[in-house]
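Engineer: The listed protein sequences correspond, in order, to chains A and B.
The first sequence lines up with residues 1 to 318 when you count with our numbering.
The second sequence lines up with residues 1 to 283 when you count with our numbering.
Hints may be right or wrong, so weigh each one.
Subject to a maximum C-alpha distance of 25 Å in a straight line, what follows is the list of computed SDA-like cross-link-like pairs (lysine to any residue) [to be verified]: (1) LYS162/A with ASP29/A; (2) LYS133/B with GLU48/A; (3) LYS133/B with GLN159/A; (4) LYS26/A with GLY136/B; (5) LYS133/B with PRO51/A; (6) LYS133/B with PHE21/A.
Read the hints as simulated data drawn from the structure, not as lab findings.
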Amino acid sequence: MASIAPNAPVAPRAVIADVLFDAAAKDKDVVVLCSDSRGSAALEPFFEAYPNQAVEVGIAEQDLVGIAAGLASCGKRAVAVSPASFLATRSYEQARVDCAYSDTNVTLVGISGGVSYGELGMTHQSAQDIAALAAVPNMRVYLPSDRHQTKKLMEALLQDEKCAYVRVGRSPVPDVYGEDDCPFELDKANVLREGEDVALIACGELVAPCLDAAKALSADGVSCTVVDMHCVKPLDGDAVVEAATGAKVVLTAEEHSKSGGLGARVAQVVGEECPRPVKALALPDTPVVTGTKAQILEHYGLDAAGIAASAKELLAKV
Amino acid sequence: MTSFEELERLRWEVRQRALDMVYGGKTGHIGGDFSIADALLVLYLRHLNVDPARPDDPDRDRFVMSKGHAVEALYAVLAAKGFLDIDDVVARYARYGSPYIGHPSHAIAGIEVNTGSLGHGLPVAVGMALAAKMDGRGYRTYCFMGDGEQAEGSVWEGAMSGSNFELDNLCALVDRNRLQISGDTEDVMRLDDLAERWRAFGWNVLTVDGHDLRALDDAFDLAERTEGRPTMIIAETVKGFGSKVCEGKAAWHHQVPDDGQYREISADLAAHRAEAEKGANRG
Numbered sequence: 001m002a003s004i005a006p007n008a009p010v011a012p013r014a015v016i017a018d019v020l021f022d023a024a025a026k027d028k029d030v031v032v033l034c035s036d037s038r039g040s041a042a043l044e045p046f047f048e049a050y051p052n053q054a055v056e057v058g059i060a061e062q063d064l065v066g067i068a069a070g071l072a073s074c075g076k077r078a079v080a081v082s083p084a085s086f087l088a089t090r091s092y093e094q095a096r097v098d099c100a101y102s103d104t105n106v107t108l109v110g111i112s113g114g115v116s117y118g119e120l121g122m123t124h125q126s127a128q129d130i131a132a133l134a135a136v137p138n139m140r141v142y143l144p145s146d147r148h149q150t151k152k153l154m155e156a157l158l159q160d161e162k163c164a165y166v167r168v169g170r171s172p173v174p175d176v177y178g179e180d181d182c183p184f185e186l187d188k189a190n191v192l193r194e195g196e197d198v199a200l201i202a203c204g205e206l207v208a209p210c211l212d213a214a215k216a217l218s219a220d221g222v223s224c225t226v227v228d229m230h231c232v233k234p235l236d237g238d239a240v241v242e243a244a245t246g247a248k249v250v251l252t253a254e255e256h257s258k259s260g261g262l263g264a265r266v267a268q269v270v271g272e273e274c275p276r277p278v279k280a281l282a283l284p285d286t287p288v289v290t291g292t293k294a295q296i297l298e299h300y301g302l303d304a305a306g307i308a309a310s311a312k313e314l315l316a317k318v
Numbered sequence: 001m002t003s004f005e006e007l008e009r010l011r012w013e014v015r016q017r018a019l020d021m022v023y024g025g026k027t028g029h030i031g032g033d034f035s036i037a038d039a040l041l042v043l044y045l046r047h048l049n050v051d052p053a054r055p056d057d058p059d060r061d062r063f064v065m066s067k068g069h070a071v072e073a074l075y076a077v078l079a080a081k082g083f084l085d086i087d088d089v090v091a092r093y094a095r096y097g098s099p100y101i102g103h104p105s106h107a108i109a110g111i112e113v114n115t116g117s118l119g120h121g122l123p124v125a126v127g128m129a130l131a132a133k134m135d136g137r138g139y140r141t142y143c144f145m146g147d148g149e150q151a152e153g154s155v156w157e158g159a160m161s162g163s164n165f166e167l168d169n170l171c172a173l174v175d176r177n178r179l180q181i182s183g184d185t186e187d188v189m190r191l192d193d194l195a196e197r198w199r200a201f202g203w204n205v206l207t208v209d210g211h212d213l214r215a216l217d218d219a220f221d222l223a224e225r226t227e228g229r230p231t232m233i234i235a236e237t238v239k240g241f242g243s244k245v246c247e248g249k250a251a252w253h254h255q256v257p258d259d260g261q262y263r264e265i266s267a268d269l270a271a272h273r274a275e276a277e278k279g280a281n282r283g
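Next comes chain A alone, as it looks inside the complex (with noise of 0.2 Å):
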C-alpha cells in the first residue's frame, strides 16, 4: 500500500464529477449546484446530461448555498461545487446557519483549494477554510488525499444525510493508494506507515510528500509514521494518540494557515492526551508568495525536503 505513483492523469475534481454524475444516474434525488464554476468543476457533462439535477446560481455564493440548503430541506442531496476561497467564506454564514444550524443534507464540495492558484493572490486561495469551517458545529470538514480516496469519500457522504466540507485542489495529485488498493472509513485515518521516531500527521495533497520525506528520512536511520487525515473534522483522535504516543515527536503537514487548522487541531489532543513535541508545518498567516503551487509549497518547507528537513530538526531537539 501507499506507493506513490508517477503524475496520475485524473485530479480529484473530475473524480468528484465522475461520481456525482454516477450518483445522478442512479438517484433522482442528487442535484448538483454551480456558481458559474461548472467549467472549472469538470460539471458540464454533468449539466447537459442531467439539466433536472443541475442548478447554475450564477456568480452569487450566498444563494448557491442557500438555495442548496432549501432543496436538502425537501429531500434533495445537494451538492454545491464551487472555488474553495469563495465557497468556504464568501457563503459562510449560509454554511453555518442554512446547512449546519438547520441539519441539511448539503455537501459543500470546494476545488481549486489551498495555493491551487498560487499566482493569483490571496482572494483565489483558501488557506483559512479549515479553520472557518471546522469551528460550525455540526459541519465535517474532509481533505482527501488523491483520486482514489476522493471517489470513496464522496460516495460515503452521498450515503449520509449530514452536511460536510469537501476541499480539493485543481490539478492532478500522486496517487496514496492503488485503485484496488484504497482502505477507507468515513472519519477513521489511514496509517499509511509505521515507525518510532516521528510521527508525520498529513491532510489533502500534503500526504503524498510526507510519504516521500519518511522514505527519505528512512534512508538516513530515521523512522516515521504516515497518518492520512482525511478527516481533519471529526478528527480522528484516537489515530493521533496512536501514532502520537509510539513516535518521539509529531510533525504536521497541510495546505492550510497554522492558525485553525490541521496542526493546532492535532496539537490539542497530542496536548492533552499524550503530551510531547509537535511541529505544524504549513502556510503563513500572511498571504503567500507569489508562485506556482509547487513553488510556494517549497518556499514554506512544505515539499518532501522540506518535512524531511523538519523532523530532523524536531528530533534532534529532543
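Based on these hints, arrange chain B on the given structure of chain A.
Structural biologist: Using the frame of chain A, we list chain B on its own:
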C-alpha cells in the same frame, strides 16, 4: 378555512400571546410581531397547506420566516394552527433550557428551517420552490421578510434566482413597517421605491394594506394564480400595530414592556378584540 370574523378576533389574541411571551421571557420583538401578525394569520389559516398531524407530508406548503426576530407572532400563529400549545410556549419562551428560543428553530413542530440572521430566508425558499418544480409537486413556498432586511445583498441574489427560475410557486412578503432598530428605513438605507425594485428583478409585485385581512387574502389568491414568475407582496404595515403604546415607534423593535406598559398594551388589545366581537355579533 378560518372565517374573517374569526380572524378579526384571533388577530388581537395572537398579539396578546406574543406580548405575554416577551413580557414573561424579558426579550423579544413586539414591534415586528404586531406588524406581521395579520399577514401570518391570513397565510396560515386561509392559505398555507400544512397539517400538524402530518408535519412531514412531502406535499405540504413550505414557509420560511426570514424575519426571524418576529418569532413570538409565529409561535402564536403556529399555536392557532394547532402545532403548539400556546400556554406551554408562553410559560417557557426564552427561559433557561427552553426549546422556544428567540428566533425560529426547526426543533419546533411546524418550523422548517432555522432563521434569525437576516437575508437568509429567500435563497432557502428559492431552493424549496425549485425542489417542487424538479419533483413535479404542487406545493407552494412562502417567505416573509422585514423591510430593513432588504438591505442584505443575499435578498437580491434570491430575487434574481427566483425570477430566473420562473418560480411561480414562490411567494415572498415584505413587512413594510418603515422602521428598523436605528429608525426610519429611508434614513438608515433608502428602500423606496421598493415595489419598483422588485418589479425590475422580474417579480409580480402586489402592494397591499398589511392590516387589511381581506386585502392580504386577495393578494395570496392572486399570487397563487400568477404564472411564470414569483410574487412579492409588499404589506404596508404599522410597527407595533394594535396599541398606541408602541405603534410607529422604532424603540419597540426590541423593547421589553414594564408592568405598566404591559397592562396598557393588553388593554388596547382587549379593546380591539371587544370591538371585533361586537362587530361579529352585529354581523
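Engineer: Are LYS133/B and GLU48/A close enough, with their CA atoms no more than 25 Å apart?
Structural biologist: Answer holds: LYS133/B to GLU48/A is near 18 Å, not above 25 Å.
Engineer: Assess, step by step, whether the Cα of LYS26/A is no farther than 25 Å from the Cα of GLY136/B, and give holds or violated.
Structural biologist: holds (19 Å)
Engineer: Quickly compare the C-alpha distance for LYS133/B and PRO51/A to 25 Å and report which way the hint goes.
Structural biologist: holds (12 Å)
Engineer: Mind checking the alpha carbons of LYS162/A and ASP29/A for me, to see if they're no more than 25 Å apart?
Structural biologist: Measuring from Cα to Cα gives roughly 15 Å; hence the hint holds.
Engineer: For a C-alpha distance cap of 25 Å, please report whether LYS133/B and PHE21/A respect it.
Structural biologist: holds (21 Å)
Engineer: Check the hint pairing LYS133/B with GLN159/A against an upper bound of 25 Å on the C-alpha distance.
Structural biologist: holds (24 Å)
Checked against the numbered hints above, the structure violates none of them.
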